[in-house]
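Enquirer: Letter by letter, the chains look like this.
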Amino acid sequence: MTDSVGRHVISVLARDHVGIIADVADTLYDLGANIEALSQTVVGHWFTMVVRAAFPAEVSTEAIKATLERTGGIQAIVVPYDSAAAGAVVQGEPYVVTTVGADKPGIVRRFARCFANRGVNIEDVWNEIKGETFVEMFHVTVPAHVDPKELRDELKEAAQELGVEMRLQHFDIFTATNSLSVHTKKDLTR
Amino acid sequence: MIPTEDILKTIEMVQIEKLDVRAVTLGINLVGCADGDSGRMLRNVRTRIHSAAGRLVSCCDDVSGTYGIPIVNKRLAVSMASQLLEAHGPAVCLPLARVLDESAGEVGVDLIGGYGALVHKGFSDGDRRVVDSIPDVLSTTRRVCSAVSVASTKAGINMDAVRRMGAIIKETAERTRAKDGFAAAKLCVFANIPEDNPFMAGAFLGAGEPGTVINIGVSGPGVIKSALERLIATRKNVDLGRIAEEIKRTAFRVTRVGELMGREVAQRLGVRFGVVDLSLAPTPDVGDSVGEILETMGIAAIGAPGSTAAVALLNDAVKKGGLFASSSVGGLSGAFIPVSEDQALSRAVREGTLTLEKLEAMTSVCSVGLDMVVVPGDTDADTLAAIIADEMAIGVINGKTTAVRIIPAPGKGPGDVAVFGGLFGESYILPVRNAGRSGRFVAFGGQIPAPVQSLKN
Numbered sequence: 035m036t037d038s039v040g041r042h043v044i045s046v047l048a049r050d051h052v053g054i055i056a057d058v059a060d061t062l063y064d065l066g067a068n069i070e071a072l073s074q075t076v077v078g079h080w081f082t083m084v085v086r087a088a089f090p091a092e093v094s095t096e097a098i099k100a101t102l103e104r105t106g107g108i109q110a111i112v113v114p115y116d117s118a119a120a121g122a123v124v125q126g127e128p129y130v131v132t133t134v135g136a137d138k139p140g141i142v143r144r145f146a147r148c149f150a151n152r153g154v155n156i157e158d159v160w161n162e163i164k165g166e167t168f169v170e171m172f173h174v175t176v177p178a179h180v181d182p183k184e185l186r187d188e189l190k191e192a193a194q195e196l197g198v199e200m201r202l203q204h205f206d207i208f209t210a211t212n213s214l215s216v217h218t219k220k221d222l223t224r
Numbered sequence: 025m026i027p028t029e030d031i032l033k034t035i036e037m038v039q040i041e042k043l044d045v046r047a048v049t050l051g052i053n054l055v056g057c058a059d060g061d062s063g064r065m066l067r068n069v070r071t072r073i074h075s076a077a078g079r080l081v082s083c084c085d086d087v088s089g090t091y092g093i094p095i096v097n098k099r100l101a102v103s104m105a106s107q108l109l110e111a112h113g114p115a116v117c118l119p120l121a122r123v124l125d126e127s128a129g130e131v132g133v134d135l136i137g138g139y140g141a142l143v144h145k146g147f148s149d150g151d152r153r154v155v156d157s158i159p160d161v162l163s164t165t166r167r168v169c170s171a172v173s174v175a176s177t178k179a180g181i182n183m184d185a186v187r188r189m190g191a192i193i194k195e196t197a198e199r200t201r202a203k204d205g206f207a208a209a210k211l212c213v214f215a216n217i218p219e220d221n222p223f224m225a226g227a228f229l230g231a232g233e234p235g236t237v238i239n240i241g242v243s244g245p246g247v248i249k250s251a252l253e254r255l256i257a258t259r260k261n262v263d264l265g266r267i268a269e270e271i272k273r274t275a276f277r278v279t280r281v282g283e284l285m286g287r288e289v290a291q292r293l294g295v296r297f298g299v300v301d302l303s304l305a306p307t308p309d310v311g312d313s314v315g316e317i318l319e320t321m322g323i324a325a326i327g328a329p330g331s332t333a334a335v336a337l338l339n340d341a342v343k344k345g346g347l348f349a350s351s352s353v354g355g356l357s358g359a360f361i362p363v364s365e366d367q368a369l370s371r372a373v374r375e376g377t378l379t380l381e382k383l384e385a386m387t388s389v390c391s392v393g394l395d396m397v398v399v400p401g402d403t404d405a406d407t408l409a410a411i412i413a414d415e416m417a418i419g420v421i422n423g424k425t426t427a428v429r430i431i432p433a434p435g436k437g438p439g440d441v442a443v444f445g446g447l448f449g450e451s452y453i454l455p456v457r458n459a460g461r462s463g464r465f466v467a468f469g470g471q472i473p474a475p476v477q478s479l480k481n
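Quick mapping for you: the protein sequence lines, in order, are chains A and B. By the count of this note's numbering, the first sequence reaches residue 224 at its end, each step adding exactly one. By the count of this note's numbering, the second sequence reaches residue 481 at its end, each step adding exactly one.
In short, the hints are calculated from the structure, not lab data. Computed from a prediction, not measured in an experiment: that's the story for all the values here. C-beta atoms are modelled at their ideal positions from N, C-alpha and C, and glycine is treated no differently. You may find that some hints are simply not true.
Covered stretches of chain B, as calculated for chain A (at least 3 residues, CB under 8 Å) [claimed, not checked]:
# : segment
1 : 36-42
2 : 82-92
3 : 279-288
Take the sequences, apply the hints, and build the full model.
Expert: Structure, rendered in structure tokens:
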């Protein structure tokens with residue numbers, strides 16, 4: 035694609051059913067778009083997807099939204115993509131934080147605040163319910179200036195207050211124990 | 025992306041099954057410390073240990089903090105002390121051992137191996153001084169451990185050395201009579217001694233090793249036991265092939281963790297990474313026992329028929345999983361069955377199901393040998409030597425490492441308990457049948473020739 039394109043970020047929300055990605059992709063293709071990045075997930079039977087796509091310059095934000103929503107059953111948010119305004123990527127070590135315990139309000143809030151206060155970036159977060167147990171998993175990047183031991187102590191304190199079990203584990207341990215690859219994330223980013 | 029289920033399983037291994045790194049052992053070559061002046065030699069040794077190992081413990085703690093996995097034991101393995109004593113009289117032995125002991129304490133490690141000698145073909149002056157001083161050294165120092173090599177597949181069995189070690193063990197135990205002969209628990213007699221073993225009491229740095237090197241001992245038997253219990257509880261139609269497969273997979277996981285963390289410690293210390301030793305080393309804690317793995321595999325009384333086959337399966341599966349996980353496998357790499365350090369084995373001795381003879385049979389299919397076996401204090405030195413000779417023969421003929429760490433507990437007999445405490449555990453006394461009937465054989469002395477298996481060229 036050349037410079038005569040406009041990039042947009044599109045967020046799609048719909049009650050989950052078969053064919054949403056096909057409908058959205060058809061619509062974008064018909065508008066002349068090229069999908070550059072895409073991620074989707076389903077939470078509580080609701081489908082959500084974020085797409086960055088490059089469109090011919092004459093296609094407006096409003097037109098993209100209207101065309102997408104005409105396919106029926108989806109809500110879309112469309113904003114122009116500004117690469118200069120993209121947030122800086124946090125450099126550091128990859129960790130996984132898991133909390134396991136009875137479900138209650140405030141778990142995500144409490145841990146997310148600990149991360150934010152120390153400049154730890156949440157890369158991904160999801161949860162699972164196993165019987166009576168609520169499992170929350172955060173993939174985070176811990177910057178070099180944060181001591182993992184101190185972070186672990188702070189998170190443990192939060193876990194104690196909430197009555198849940200918490201583990202802070204370097205991602206390489208999961209690669210080492212579960213993957214045939216001999217490369218850890220650290221090897222690949224050094 | 026790693027599936028959620030695998031992430032949770034790994035966390036369970038760490039949290040509930042106590043996945044850890046059992047030993048990080050720093051090997052240090054001390055040969056460069058040699059000096060005709062004994063005072064200077066001793067100062068050199070202290071300086072060398074401080075400069076090589078000063079950061080070992082803090083570095084292990086940092087790596088442990090980074091990965092969230094405990095490193096349980098931090099140890100030192102030095103080149104054989106006999107080399108430093110070639111040019112000195114017997115009066116320098118104890119001062120050298122004290123310097124090793126103090127230096128180890130100063131850098132924060134609990135044990136230091138290498139006060140030993142390689143005498144499988146004969147004694148040098150230094151070797152003789154070291155061996156003669158072992159009772160003194162082990163009874164008056166806290167952290168020093170001894171390994172003595174008396175046999176190898178290439179050399180055969182030095183029966184003069186075997187006989188001497190029978191007497192040395194007896195004397196070493198006697199010197200610590202009030203502690204049930206504890207000093208003998210820091211002494212291993214070997215056939216086919218490995219040069220890169222990270223586990224005590226047999227660790228030392230071999231002549232073919234780098235000047236400094238990090239060797240790793242992987243996590244203990246608890247993780248394997250939990251994996252088998254889960255397998256048996258959750259799957260139908262589990263047979264021994266499936267059990268071997270589960271052991272293999274679990275050994276893969278623990279080996280990968282050991283190597284990952286060992287390499288990180290080595291890199292941070294600026295030292296070569298050596299090997300991962302796959303050995304399952306039990307501790308007296310409940311749930312951290314090789315004996316319990318055998319019980320999980322259906323051996324209701326350890327020592328019952330089937331025990332040897334079960335150990336063989338376990339030992340082989342551990343190796344297969346570990347070998348696939350790492351290209352740097354070394355040391356002993358098998359399953360240890362140290363009686364006093366493994367509460368299920370110790371219980372089997374108390375209940376009379378595990379005998380010395382059955383234990384010996386089990387050692388023929390696993391590492392490392394008759395380990396932490398406590399026998400009556402009145403067992404004579406030649407009988408101890410004959411027990412060593414039998415175990416050495418298993419190692420020499422089968423081309424594997426075997427060792428004997430036997431404690432004749434002074435004043436104790438069958439039915440009594442010897443208590444060593446800490447990682448060394450406690451054990452009922454194992455009766456020795458036919459004691460006193462091997463003296464003539466042992467007294468012949470000389471060298472049992474290298475077996476035909478040694479001629480491979």
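Enquirer: If a hint holds in the structure, say so; if it doesn't, say that too.
Expert: Now for the hints, and whether the structure bears them out:
no. : hint    : verdict
1   : 36-42   : holds (count 3)
2   : 82-92   : holds (count 4)
3   : 279-288 : holds (count 4)
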